[in-house]
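Starting from the known structure of chain C, fit chain E onto it as the hints suggest.
Residue numbers (this note's numbering), protein chains in the order written: chain C, 379 to 478; chain E, 379 to 478.
A few of these clues could be false.
[Said to hold, decoys possible] In the EDC-like style, the derived pairs of lysine to aspartate or glutamate whose C-alpha atoms are separated by at most 20 Å in a straight line are:
#1 C:Lys-458 x C:Glu-396
#2 E:Lys-445 x C:Glu-473
#3 C:Lys-463 x E:Glu-473
#4 C:Lys-445 x C:Glu-475
#5 C:Lys-445 x E:Glu-473
#6 E:Lys-463 x C:Glu-475
#7 E:Lys-399 x E:Glu-475
[Unchecked claim] If you want the footprint, here are the derived chain C segments under chain E, 3+ residues with CB under 8 Å:
#8 403–417
#9 468–474
[Stated by the list, open to error] Not everything, but these chain E residues come out facing chain C in the computed CB check (under 8 Å):
#10 Asn-382
#11 Ile-389
#12 Val-430
#13 Tyr-465
#14 Val-467
Bear in mind the hints are in silico, worked out from the structure with no lab data behind them. For each residue, glycine too, the CB sits at the ideal point set by N, CA and C.
Number of protein chains: 2
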Amino acid sequence: MTINPPYYAVIFTSVKKENAKGYEQMAEKMVTLAKQQPGFIGVESARNEIGVTVSYWQSLEAISLWKQHTQHLIAQELGKNNWYKHYKVRICLVEREYEF
Amino acid sequence: MTINPPYYAVIFTSVKKENAKGYEQMAEKMVTLAKQQPGFIGVESARNEIGVTVSYWQSLEAISLWKQHTQHLIAQELGKNNWYKHYKVRICLVEREYEF
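Chain C on its own, in the form it takes in the complex (with noise of 0.2 Å):
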């Protein structure tokens, strides 16, 4: 992570179904395919009761060709048919940061 804002956050909150086969190795598919598209920054991810997934973009240009990726496209519909009770995708500028 070595970019400065501006730039952009996807932040998708997510909450599982109890028996999600599949959604583990796809998860890391994703990830995999995600590192690989331009524009791609980073990403963070931790799960316990809800999952919060955010990665980082240069551009929403990049955002929305990873939206419509097909392999990206077939988790999605996996996603709402077989593994999540519910998710949320927030679209955000990172207009600041600091760290320690």
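Same frame as chain C, now just chain E:
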């Protein structure tokens, strides 16, 4: 979470030290306090290897007031000195959202 974009998100990612005594208690206290702040909308959080906490706010002013809250300042100091190996804060404008 009933507000429509634009609103603000604060993405807080952190790596905790192994022995973070008193952390859980303070984290709960901070969530309770944040919920009482003007302009607070909601918070979502998960932790495995890293922690990802996203809080949602109506304005930059609300975020700034919370950052300067006396109890929160104490927590921030304890965080730097006792609990975190590393953390990063990103202030973001939520431009668009959709859910399933």
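Hints, one by one, checked against the model:
A threshold of 20 Å between alpha carbons decides the hint, and for C:Lys-458 with C:Glu-396 the separation of about 14 Å falls inside it, so the pair holds. The hinted pair formed by E:Lys-445 and C:Glu-473 meets the criterion: a straight-line CA distance of about 16 Å does not exceed 20 Å. Distance hint between C:Lys-463 and E:Glu-473 is unfulfilled; the C-alpha atoms sit about 24 Å from each other, more than 20 Å. About 25 Å separates the Cα atoms of C:Lys-445 and C:Glu-475, which puts this hinted pair outside 20 Å; it is violated.
About 16 Å separates the Cα atoms of C:Lys-445 and E:Glu-473, which keeps this hinted pair within 20 Å; it holds. Between the alpha carbons of E:Lys-463 and C:Glu-475 the distance comes to roughly 17 Å, so the proposed pair stays at or under 20 Å and holds. About 37 Å separates the Cα atoms of E:Lys-399 and E:Glu-475, which puts this hinted pair outside 20 Å; it is violated. Three residues within the 8 Å Cβ limit are the bar, and the stretch 403–417 of chain C against chain E gives 0, so the coverage statement is violated.
Remark: the stretch 468–474 of chain C is confirmed as covered by chain E, as 7 of its residues place a Cβ nearer than 8 Å to a Cβ of that chain, reaching the required three. Hint status for E:Asn-382 relative to chain C: violated, with the closest Cβ pair at about 12 Å, above 8 Å. Restraint check, E:Ile-389 versus chain C: the minimum CB separation of about 6 Å is within 8 Å; hint holds. Annotation: E:Val-430 was flagged as interfacial toward chain C, and the flag holds, the nearest CB pair being 4 Å apart, inside 8 Å.
For E:Tyr-465, the suggested interface contact is upheld, since its CB lies about 5 Å from the closest CB of chain C, less than 8 Å. Residue-level restraint check for E:Val-467 holds (minimum Cβ-Cβ distance to chain C is 6 Å; threshold 8 Å).
The structure is inconsistent with the numbered hints 3, 4, 7, 8 and 10, although it conforms to all the rest.
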